[in-house]
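Protein chains: 2
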Amino acid sequence: MKKYTGYLIDLDGTIYQGNNKVDGAKEFIERLKIHNIDYLFLTNNSTKTAPMVAEFLTQVHGIPTLPNQVYTSAMATADYLINTLKLTKGSRVYVIGEIGLKSALSNAGFQLTAKEPEVVIVGLDTQVNYQMFEDATLAIRRGAKYIATNLDTNIPNERGLIPGAGALNALIITATNVQPIEIGKPSSQIIELAMQRLVSSFEQTLIVGDNYATDILAGINAHVDTLLTYTGISTKSQVAKQTKKPTYEVDSLNDWYI
Amino acid sequence: MKKYTGYLIDLDGTIYQGNNKVDGAKEFIERLKIHNIDYLFLTNNSTKTAPMVAEFLTQVHGIPTLPNQVYTSAMATADYLINTLKLTKGSRVYVIGEIGLKSALSNAGFQLTAKEPEVVIVGLDTQVNYQMFEDATLAIRRGAKYIATNLDTNIPNERGLIPGAGALNALIITATNVQPIEIGKPSSQIIELAMQRLVSSFEQTLIVGDNYATDILAGINAHVDTLLTYTGISTKSQVAKQTKKPTYEVDSLNDWYI
Numbered sequence: 001m002k003k004y005t006g007y008l009i010d011l012d013g014t015i016y017q018g019n020n021k022v023d024g025a026k027e028f029i030e031r032l033k034i035h036n037i038d039y040l041f042l043t044n045n046s047t048k049t050a051p052m053v054a055e056f057l058t059q060v061h062g063i064p065t066l067p068n069q070v071y072t073s074a075m076a077t078a079d080y081l082i083n084t085l086k087l088t089k090g091s092r093v094y095v096i097g098e099i100g101l102k103s104a105l106s107n108a109g110f111q112l113t114a115k116e117p118e119v120v121i122v123g124l125d126t127q128v129n130y131q132m133f134e135d136a137t138l139a140i141r142r143g144a145k146y147i148a149t150n151l152d153t154n155i156p157n158e159r160g161l162i163p164g165a166g167a168l169n170a171l172i173i174t175a176t177n178v179q180p181i182e183i184g185k186p187s188s189q190i191i192e193l194a195m196q197r198l199v200s201s202f203e204q205t206l207i208v209g210d211n212y213a214t215d216i217l218a219g220i221n222a223h224v225d226t227l228l229t230y231t232g233i234s235t236k237s238q239v240a241k242q243t244k245k246p247t248y249e250v251d252s253l254n255d256w257y258i
Numbered sequence: 001m002k003k004y005t006g007y008l009i010d011l012d013g014t015i016y017q018g019n020n021k022v023d024g025a026k027e028f029i030e031r032l033k034i035h036n037i038d039y040l041f042l043t044n045n046s047t048k049t050a051p052m053v054a055e056f057l058t059q060v061h062g063i064p065t066l067p068n069q070v071y072t073s074a075m076a077t078a079d080y081l082i083n084t085l086k087l088t089k090g091s092r093v094y095v096i097g098e099i100g101l102k103s104a105l106s107n108a109g110f111q112l113t114a115k116e117p118e119v120v121i122v123g124l125d126t127q128v129n130y131q132m133f134e135d136a137t138l139a140i141r142r143g144a145k146y147i148a149t150n151l152d153t154n155i156p157n158e159r160g161l162i163p164g165a166g167a168l169n170a171l172i173i174t175a176t177n178v179q180p181i182e183i184g185k186p187s188s189q190i191i192e193l194a195m196q197r198l199v200s201s202f203e204q205t206l207i208v209g210d211n212y213a214t215d216i217l218a219g220i221n222a223h224v225d226t227l228l229t230y231t232g233i234s235t236k237s238q239v240a241k242q243t244k245k246p247t248y249e250v251d252s253l254n255d256w257y258i
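Protein chains in written order, with this note's numbering: chain A, 1 to 258; chain B, 1 to 258.
The shape of chain A in the complex, shown without the other chains (with noise of 0.2 Å):
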């Protein structure tokens, strides 16, 4: 087997199952800070900030975490921005996101305004309502660039599963009849940026994850080799029906050796 000398690690269903513990995940943390492996933590979920995902790690779940290797869609997306679309700080943007996306783009140096924005951004945001889908409307169907965080259709919650980014961006793609540019997992840009602050070359990472459509798929598009743990949302039957595979897949991280 390869030597991987970068991590690009999913987070809900790989690592802990919201509150609850996985399997093996924090001893697989643990093996790679002992290989003195660099890794970074990569998650879809926009929501929240990178110290807030560290310190959810650390805390509940007992894997001590810096804000520096958690990269979030929303990071990603504040990354994009200044990359690939080269927006200047202080251009203008319309968010519908909650604090996760709102302060990566406001950090970035980002103007968060539904007045003419240049880039309309659209995230999960659970306190979304019908003015704000019309500003984010008006917006992209006068021109302005349209991205999306993820567009994951659902997320759980205590009550069951919800509407996802994706559902929001639905309602938008519809009322605009444009596509927007996707950030998060399954796309090859959150990878391609994520890779920016690894040392690892593409070569020599792994993506690791529970869920093919999203974190297989982005290695996949992205060409980065991938590992499936069958500890969250994909079955093997789902994946076995798959002509692309995995490159790795795994019951558990600890039947995964570095």
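Since the hints were made in silico from the structure, they are not lab data.
Worth double-checking, as some hints may not be accurate.
[What the hints assert, rightly or not] Subject to a maximum C-alpha distance of 25 Å in a straight line, what follows is the list of computed SDA-like cross-link-like pairs (lysine to any residue): (1) B:Lys21 / B:Leu161; (2) B:Lys241 / A:Ser106; (3) B:Lys115 / A:Tyr130; (4) B:Lys21 / B:Lys236; (5) B:Lys145 / A:Pro156; (6) B:Lys145 / A:Glu158; (7) A:Lys241 / B:Val178.
Given chain A, put chain B in place with the hints provided.
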């Protein structure tokens, strides 16, 4: 030309353009009255009650109209619940929608509640928020039937084309992976339900509208003849590309002889 004994007539783009007049519309209605021909105004707009629409036609556009001459997708939804779904009075329904939809359903005797509804109904609601989308999504995922008043992607307001009922429904379709039962045009449902309020037969009824994608397709789907008036959304070049044509086409209702 066939003589029609009943007319189903669209409103916005056909009889008025918001607060503006449409050439020939008032005179067309006057001719119907003189010839004692049965007609019903038929609109996908579920936000207003029939008395509100009748008052608007009478006061703003000088077209004297009674509430029983107006049939909205909201009223058709209530009729569909009773006639087709056989829902009994007191049945629990969850509604995303405005006064037109809510009053049609509560007048029909249904209990409007987010708690364990049998049916979820989604129409345009400019006060919609995430919590409402969450409640609708969870109820449909638990097995509630799912109905859309209509799937118009946009409606015009003074700022531009803002999200319509079709956009709100796109969010819920994405979050539930369930397709709704569509009541409004181009569905034949609203036509079949409206026909129960006309004395005219299907063969001797004419649907009049400005929108090929809703008015004309509804007629084609319900096997009712159609008249397209080029005073609103559809253009001649768009309609020329369609294989299924309207029965008749006119530049304005001035050109239509009863």
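* Determine which of the earlier numbered hints do not hold for this structure and return their numbers in increasing order. => Going through the list in order, the structure violates hint 2 alone and respects the others.
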